[in-house]
Amino acid sequence: MNDYDLLAQYEPVLRFARSERFFPMAVEHYLEHCHILPNGPLGAAELLFHLNEPPATMIGKLEGGQYYLRLINEPLYDSDAWVWRGVLSLVAMGAGWYFLGWAGVQIAVALALIAALILFMLASTIRLRIFLAAFAVLFFSALMVAPIWFFLRPNETVGVAIEYLVLLPIYLVALFYLSIRTMKFIFDRIIPEGPGLVMDMLSQATETIARKSYFLYEKILEKDPQPVHYGRVVREQDAEGNHWTILQYHFFYAFNDWRLAANGMNHHEGDWEMTAVYLKNDSPYALLFSQHGAGNIEMREKVIKAKDKNEMDTTHPVVYVALGSHANYSKPEVIRSPKLYNAGFVQRLIYWVDGLMHYLFLLFNPSQKARQIALKESTASRTSFLAEDAFIYMRDEADHYVVSLPLEIASGDGFRVGYQGENLREPVVKSSSYLKRIMSDRKVTRPTVKEWRRVVLNPEPDWVNYKGLWGVKSALKDESGPPGPKWDRPDKLFNIDPRKRWEKPLEWLKDLESRIHPTPEASDEP
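Using the working numbering, the letters of the sequence shown map in sequence onto residues 2 to 527.
Hints may contain errors.
To be verified - Here are the simulated EDC-like cross-link-like pairs (lysine to aspartate or glutamate), alpha carbons at most 16 Å apart as the crow flies:
1. Lys511 x Asp239
2. Lys511 x Asp463
3. Lys281 x Glu237
Said to hold, decoys possible - Label pairs and their computed distance ranges (CB to CB):
4. Asp512 x Gly242: 42 to 48 Å
5. Lys303 x Ser142: 52 to 58 Å
6. Leu129 x Pro170: 18 to 24 Å
7. Ile115 x Asp512: 41 to 47 Å
8. Ala295 x Glu54: 32 to 38 Å
9. Gly195 x Leu144: 37 to 43 Å
10. Glu219 x Tyr172: 49 to 55 Å
11. Glu237 x Gly294: 20 to 26 Å
12. Ala116 x Asn459: 52 to 58 Å
In case anyone wonders, no lab produced these hints; they're calculated from the structure. A virtual CB, placed ideally from N, CA and C, is assigned to each residue, including glycine.
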């Protein structure tokens, strides 16, 4: 059996969450829209020799790893656009003066300011829904403060006695109620966005970038509606004489919007993930998954397999892809833990502060039910308030998780790609049970084709040997674009080594097996 047929025989089925926006795609479409930028002096010097070449042809010629790709290159507005808007504003003010006099000028200025504000909101690093929530807070605050002028001076029409003995107490009660409701609105709509907002600004992968990446991916789907995986077959023999056939399936996504989609951690352009089927002496042995730069393993007997029309198991493993992050899991599950992967100190601190603020708000919430839930959950968890995971299981009245971050949703209740059989027999969970409606009901565009297009990496295309990053370089390591399927991230001196799962797949298997069956020496370690 040749490599193509062997890859087709064990080809995985991927199940996504309902609100997933990005799916495995052809690398060539991504490169068509990317710019290659230098990530060091040698990279800048090398790019001078390829100024007029498109990234698709240039990428295989670059040496070293001092480069990164940027997908979204055009700002929402530039200097020329501002000039045209200024000219149109002057024309509008002139027309307003001609038809309505000074009132027309005021109307034109007000409309120009509103248009500028809307454009700033769309292009800003601040999330759009924070602007809308902030306007709502300002409106309610105005309602609370506006009547104060009435009590600052005696009103002869109403009478001092009625004003201060009747109307003032009523106003104070209303003021207190509106203040509580406004604070609740702030904690429900603004504070939860805070941690992700800070990380978006640091990562240079804002809501605007994520939204424009999605719109661009929509256009790519119109051109090429079929999901793509890149297959690779490795044959090795171990010390005991066993023959191993490793079938690697690499998936590329245009954007990792984990934070925006599921209150997750990292956020970046480009995303490489992989699953691998290991055959030992031609028999299935284990399934290995990429998960946040590391990996996991599921032995053959525990792997969920797609069923045919007769409800019999096939050779196709079912893989559950986490919402936004695209990490791969062997079963439908939802994971909430700050130790989900090795996040940086800044990320962990921001998320813990977010949880603490929500917890304190619940304790002082005017809703008796919410307060009881908070006390019950804190008693049941028995964790210290200083612990990173002190608040991760707390829920509100609507049974939503209170703490914003992190959340890994591999629910499988959305788009399904791969072998089409008795699909309803595959287990799933409802992602909407774990997300606010604004995220679980967001607009998505899915591929119209549900079967894979297989591309065998033999011979290797030029882009496989590209050693730079497949997304924007960020000040935070975990917020940068990922390296390609073959290479690890460049270190501080831009030294690059091949990934263990690519270069030494049997060693990667042994590393992951040691987690399931630790050696006695490892189990004795503190």
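Return the numbers of the hints above that this structure violates; sort them in rising order.
Numbers 2, 4, 6, 7 and 9 - these are the hints that the structure violates, sorted from lowest upward.
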